[in-house]
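Based on the provided sequences and hints, a complete structural model is requested.
Chains as they are written, first to last, in the working numbering: chain A, 153 to 464; chain B, 153 to 464; chain C, 153 to 464; chain D, 153 to 464.
Each hint should be verified, as a subset may be incorrect.
Copies of the same chain look alike in the list, so a pair counts if it works inside one copy or between any two.
Claimed, not checked - List time: in silico DSS-like cross-link candidates among lysine-lysine, alpha-carbon distance up to 27 Å:
id : residue 1 : residue 2
1  : K461      : K320
2  : K223      : K461
3  : K450      : K223
4  : K426      : K320
5  : K223      : K426
Since the hints were made in silico from the structure, they are not lab data.
Just so it is clear, the structure is predicted and the values come from calculations on it, not from any experiment.
Number of protein chains: 4
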Amino acid sequence: MALTTEQQDEIDQLRANVQPTRRAVVPALEEVLYQAVPVLDHGFVRVIDYMGDDSAVVQAARVSYGRGTKKVTEDRGLIHYLMRHRHSTPFEMCEIKFHVKLPIFVARQWIRHRTANVNEYSARYSILDREFYIPQPAQLAAQSVSNRQGRGAVLQGAEAARVLELLKADSTQAYDHYIEMLNEAEDGTPIDANRQGLARELARMNLSLNFYTQWYWKVDLQNFMHFLSLRADAHAQYEIRVFADAMLDILRRWVPLTFEAFEQHRLHGVSLSKNAIDAVRRMLKGETVTEADSGLGKREWAELQHVLKGHD
Amino acid sequence: MALTTEQQDEIDQLRANVQPTRRAVVPALEEVLYQAVPVLDHGFVRVIDYMGDDSAVVQAARVSYGRGTKKVTEDRGLIHYLMRHRHSTPFEMCEIKFHVKLPIFVARQWIRHRTANVNEYSARYSILDREFYIPQPAQLAAQSVSNRQGRGAVLQGAEAARVLELLKADSTQAYDHYIEMLNEAEDGTPIDANRQGLARELARMNLSLNFYTQWYWKVDLQNFMHFLSLRADAHAQYEIRVFADAMLDILRRWVPLTFEAFEQHRLHGVSLSKNAIDAVRRMLKGETVTEADSGLGKREWAELQHVLKGHD
Amino acid sequence: MALTTEQQDEIDQLRANVQPTRRAVVPALEEVLYQAVPVLDHGFVRVIDYMGDDSAVVQAARVSYGRGTKKVTEDRGLIHYLMRHRHSTPFEMCEIKFHVKLPIFVARQWIRHRTANVNEYSARYSILDREFYIPQPAQLAAQSVSNRQGRGAVLQGAEAARVLELLKADSTQAYDHYIEMLNEAEDGTPIDANRQGLARELARMNLSLNFYTQWYWKVDLQNFMHFLSLRADAHAQYEIRVFADAMLDILRRWVPLTFEAFEQHRLHGVSLSKNAIDAVRRMLKGETVTEADSGLGKREWAELQHVLKGHD
Amino acid sequence: MALTTEQQDEIDQLRANVQPTRRAVVPALEEVLYQAVPVLDHGFVRVIDYMGDDSAVVQAARVSYGRGTKKVTEDRGLIHYLMRHRHSTPFEMCEIKFHVKLPIFVARQWIRHRTANVNEYSARYSILDREFYIPQPAQLAAQSVSNRQGRGAVLQGAEAARVLELLKADSTQAYDHYIEMLNEAEDGTPIDANRQGLARELARMNLSLNFYTQWYWKVDLQNFMHFLSLRADAHAQYEIRVFADAMLDILRRWVPLTFEAFEQHRLHGVSLSKNAIDAVRRMLKGETVTEADSGLGKREWAELQHVLKGHD
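Printed below as a string of C-alpha cells:
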C-alpha cells in the first residue's frame with residue numbers, strides 16, 4: 153500500500169474532526185475509523201462510516217422505543233437466538249461503509265455479492281495508477297490436481313521465478329502502452345503534441361486483471377456476515393480471503409456480541425445433510441457406519457469424516 | 153399519537169446522551185433525532201439513526217480519500233448533475249432508519265417498496281394496542297366517478313356520520329373480542345381462569361385493517377427518494393401521503409443539497425413521451441396542435457394540457 | 153375454495169390451448185398447469201407459468217452451449233454438490249409464477265420475503281369478495297405457555313365454540329358494513345340512490361385480517377426454496393405452512409433432482425454451532441457430555457438432544 | 153464470433169427439439185431461440201429461455217384468472233398507461249434468459265445492474281479461450297475534450313495504426329504467457345513435463361480487460377427495459393451499446409406492445425426539471441426565455457435547447 157502524503161493528510165484531517173452526536177457510537181470502531189488497513193501489496197480496507205451497534209439488533213428484534221438493551225447477558229442470549237434460527241432482519245438494521253483498494257480480478261469475484269451498494273473509481277473518466285498485484289512467492293501455487301478450483305503445492309525455483317518475471321514484465325508493458333495510447337503525461341498535458349490520445353474508456357482495455365481499482369462498498373450487517381462466511385473461508389481464493397480476514401477484525405470491533413454469535417453459528421458451525429446426521433445418530437448408538445451404507449456420496453462422506461475429526 | 157410517559161422518558165434519555173464521533177454529523181437532523189412527529193390520529197415517524205450527508209454523495213461520485221467536498225457551489229452542481237442523469241449509486245451511500253407507527257392498510261402499501269429493511273412489531277408474539285385509525289370528517293371522501301383509484305367529494309351529513317359510527321363501533325367490537333379470545337388482562341393474567349385463551353397468532357385475525365402496527369424501516373437515500381416521489385404525490389392515498397410529507401421535511405434537514413435537486417428534478421419535474429414532446433415542439437413553432445393530430449390518447453392529452461398549464 | 157363457473161371456464165380454456173415450443177418443457181408440471189390446488193377454506197395455489205428445469209441448473213453451472221446435461225447420475229451429483237456448498241446462482245436460473253388466494257394475515261407474513269415479484273389484487277380499485285378464513289376446530293389452538301411464538305393445546309367445548317362464533321359474526325358484520333359504506337350493489341348500481349358511497353380505498357379498512365386477498369407471485373428457484381425452507385417448517389404458523397406444503401408438491405413435479413437435494417440438504421438437514429459439533433465429537437469419542445460442560449445454553453442444548461434423537 | 157462446429161451442433165439440436173406446452177408461447181421469439189446474434193468481433197447474444205408475453209403484463213395488472221387479454225386495443229392502452237405512470241410490477245411478471253459472450257471490460261459495466269441473475273464462466277475452474285476484442289478502426293476514438301466521459305474524433309493514420317498494433321501485440325503476448333504459466337496444452341497434458349503449472353485462478357490475472365468472457369444473464373422485463381434505457385443510449389460506451397441494440401430487437405420480437413410503449417415513454421421520452429418545464433411554459437406564452445433568467449445551469453440549458461430542437 154502506498155498512500156500519498158496528500159491522501160494520508162486527508163485521512164488525518166478527517167480523524168481529527170470530532171463532533172457530538174446523539175446516535176449510537178462504537179468507540180472501538182471509532183479508533184480505526186478512516187485508517188487504511190494494508191492488504192496484499194498495494195491494497196487496503198478502510199471503514200468510512202457505520203450505523204448502529206449490537207443494541208440496534210436487539211432494538212429491532214424487540215421493536216422498542218429506547219435502545220432496546222436490557223442486560224448484556226439477555227442481549228447476548230437474544231443475539232445468539234436470532235443467529236441460530238436465521239432471523240436475519242434484525243441484523244439488517246446496522247450498516248457499514250468501506251473504501252477498498254483491490255486487484256480487478258478480486259473485484260470481479262466480490263461484485264457477485266449483489267446486496268450491497270458500490271461506487272467504483274471510473275476508468276472511463278479517470279486514469280488508473282501504475283499499481284498491479286504481484287503475488288508473494290509463498291502464494292505462487294500450482295493448480296491442484298485433486299480439486300479443479302483449488303491450489304496445489306507452491307511453485308519452486310526456476311518455474312516460480314519465470315512466473316514472477318512474466319507477471320511483472322507484462323504488467324509493466326501493459327501500463328506503458330496504456331499511457332502511450334492515452335498520450336497524457338501526469339500533469340495532463342499531451343506527451344506528443346501531434347497525437348490526440350485514445351479515449352480513456354478504450355485505452356483501459358489494455359490493462360490486465362491484476363491492476364488495482366478502488367471502490368466504496370456499503371453493506372448491511374446481515375449481508376456483510378454472509379460475505380464473510382463465504383470469503384473468510386478456506387475455499388475462497390487467497391487474494392479475496394485476505395480482505396475478508398481484515399474485515400473480520402473490523403466486525404469484532406464494531407459488534408462484539410454479534411461477532412461472537414457469528415463465529416459460533418456460522419464461521420465455525422457446520423451443516424449436515426439428512427443422511428449425514430442419520431449417520432451420526434447411528435454412530436452415537438454404537439453402530440459402525442461405512443461409506444457404502446451411509447447413503448452419502450464419496451465426497452460428502454470424506455467431508456463428514458473431516459468434520460467429525462474436528463475440522464470446520 | 154399517544155406516547156406513554158415511559159416511552160417519552162426513553163426517548164428523552166436517548167436524546168440526552170451525547171457522545172463524540174469522527175463520523176459525518178448533521179446538526180439539523182440531530183435536533184429532531186428520536187423525536188416522534190405525529191401523523192394521523194395515533195401514528196408517528198421518528199428518525200432513529202442516519203449515516204452520511206450531502207458530502208457522502210459527492211465523495212462516492214468522486215471515490216475520494218477525504219470528505220469529497222470541494223466548494224458548496226461545485227457540490228451542488230455535481231448533485232444536480234447526478235440527479236438529472238439518474239446516476240443513482242452515489243445516493244445509495246447514505247442510509248436512514250425510522251421508527252414508524254401506522255395503520256395496517258397503510259403498512260400494506262408501504263411494504264410494496266422492497267428495497268428497504270423492515271422489522272415489524274409481531275402480533276404472533278405480542279398483543280396489539282387498542283389503537284385504530286378513524287378518518288377526520290374532511291377525509292371521508294366518496295368514490296371518484298371519473299377515476300377508479302381516486303377520491304371524489306367529501307361525504308356530508310347523515311352519510312358521513314353513519315360511516316364514522318360504523319368504523320368506530322366495528323373497530324371497538326373487534327378489539328373487545330380480540331381480548332376476549334386471548335383471555336388475557338393487561339397485566340398478563342387470565343381474564344377467566346377457566347379458559348386457556350386463543351393463540352395470539354390466531355386471535356389477531358379478528359382485527360381490522362385500520363388497527364395500528366409499528367416497525368423499524370431502514371432505507372438508503374436513493375430508495376428513500378424513490379419512495380417519496382411515489383408517495384408524496386397527488387396520486388397517492390391520503391393516509392400514506394401524510395407520512396411521506398412528514399418525511400420530506402426530514403429529507404430537507406438531512407441532505408439539503410440533495411433535497412433541492414430532488415424537488416427540482418423529481419418532485420416537480422415532468423416526464424414527457426415522444427409524442428408529447430413532439431407536440432410541444434410543434435407548439436413552440438407556432439403550430440396549433442390538437443388531440444387528434446398529436447398522436448396522444450385522450451388521457452395523456454389531458455395530462456399534457458395539465459402540465460403545460462403549470463401543474464406538476 | 154369456490155372458483156366460479158366463469159373462472160373455471162377460463163382455466164379450462166387455458167389448459168386446452170397447447171402450442172409447440174423450443175423451450176425446455178416439464179410434462180409433470182404441465183399436467184397441473186393453471187389448476188387450482190385448494191388450501192384452507194377459500195384459498196388456493198395455481199402454477200401460472202414456469203421457466204427452466206433441472207437441466208437449466210446444470211447448464212448454468214457449466215455455462216454450456218447446449219442443454220448442459222450429461223448423464224442423469226452426473227447431473228444429480230452436480231446438483232447435490234451445488235446445494236451442499238450453497239452455490240446459489242445456478243438455482244436462480246429457473247423461475248416460477250403462482251396465482252395465490254390467501255388470508256390477509258398470511259399475505260402479511262409472506263410478503264416479508266422480498267426477493268420475489270408480486271402483483272396483488274387492489275382494494276383501492278376493486279371490491280373484495282365476501283370470503284374470510286374461519287379455522288377448523290382442530291386448528292383452534294391455545295397460546296403456548298412455553299413458547300411465546302407457538303400454539304399449545306387445542307381449545308375445547310364452550311371456549312372453542314365461542315371463538316368460532318365471534319370470528320364468524322365479526323367477519324360477517326365487517327363485510328356487511330363494508331358494502332353499506334360503499335353503497336354499491338353487486339351489479340355496480342348504488343344501493344341507496346341518495347348516498348354517494350365511501351371511496352373503496354377507505355371502506356376496505358373495516359375488513360379484518362382474515363379476509364382473503366389474491367396475488368401473482370413470481371420467484372426464482374433459489375428464493376422459492378428459501379421460502380419453503382422457512383415456511384414448510386414446524387416453526388411456521390399453520391396457516392402459511394399449508395400453502396408451503398402444497399407448493400412442495402409442485403417443486404417435486406417441476407425439478408425432481410433439485411427437490412431431492414433440497415430435501416436432503418435443507419429441509420431435513422441440520423445446522424450445528426461450533427459448541428454443538430464439539431459436543432458431538434466428544435460424544436463420539438465416548439465422553440459423557442452434559443449441558444453444563446457443553447458450552448451450550450439451555451435452549452440450544454435441548455435442541456441438540458432433539459436433533460440427535462432423530463427429529464429435524 | 154466463432155462458434156465451433158460442436159457448439160453450432162448443440163444449438164441446432166436444441167432448435168430441432170419441439171414439444172407441446174400449455175404456457176404462453178411467442179412464435180416470433182421462438183424463431184430466433186438459441187441462435188447466436190453476433191456482436192463485436194467475437195461476442196454474441198443468444199436468447200436461451202423466456203417466460204410470459206404482453207398478455208402476462210395485462211394479466212398481472214388485472215390479477216385475473218385467464219390470460220387477462222381483452223381486446224388488443226384495450227391491452228395496448230393499459231400497457232401504455234402502466235408505462236407512463238411507472239407502474240413497474242406488472243412488467244416484472246415476464247422473464248428472459250440470455251447467453252452472452254462479451255469482453256471483460258464490458259462485463260464490468262454490465263454487472264453494475266444488480267437486479268439480474270448471473271452465472272459466469274469461471275476462470276478459476278476453466279481455461280479461457282484465445283479471444284480478445286480489437287476495435288474496428290472507426291471506433292478508435294480520441295478522448296473528448298468537452299466531455300470527460302465521451303469519445304471525440306476518430307484517430308487517424310499512424311496513431312490509429314500504432315494503437316491497433318499495441319492492442320493486438322499485448323493481448324497476444326498476454327495469452328501466450330498465460331498458457332505458458334498454466335503449462336497446459338489444449339488436450340490438457342503438460343507442455344513441459346518438468347513444470348507443475350500455475351493455478352488457473354492465478355494465471356488468469358495476466359489477461360487484459362479486452363479478453364472475452366461469457367455468462368448466462370436472466371432478468372425480468374422491467375429490469376431488462378431499465379438496462380436497455382441506460383445502455384441503448386447515446387451516453388453509453390459503444391462497446392456495451394451494441395449489445396443493448398441487439399437486445400432491443402429481441403425485446404420487439406418478444407413483447408411488441410410493451411416495446412412500442414417503451415420506445416414512446418422511455419427510449420424517446422424526455423424528463424424535464426421544474427425549471428425546464430417552467431421555461432417551456434413561458435416560451436409557449438410567447439415570452440423570450442434566456443439562459444440567465446431560466447434558472448437553469450449552463451449544461452442543463454444546453455440540454456433543453458437540444459431537446460426542444462427535436463433530439464432525444
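Hint by hint, here is what the structure shows:
1. K461 x K320: The answer is neither: 42 Å in one copy and 53 Å across copies each exceed 27 Å.
2. K223 x K461: neither (37 Å within a copy, 34 Å between copies)
3. K450 x K223: between (48 Å within a copy, 18 Å between copies)
4. K426 x K320: neither (50 Å within a copy, 43 Å between copies)
5. K223 x K426: For K223 and K426, the Cα distance is within 27 Å only across copies (25 Å; inside one copy 38 Å).
Going down the numbered hints, you'll see the structure goes against 1, 2 and 4, while the others check out.
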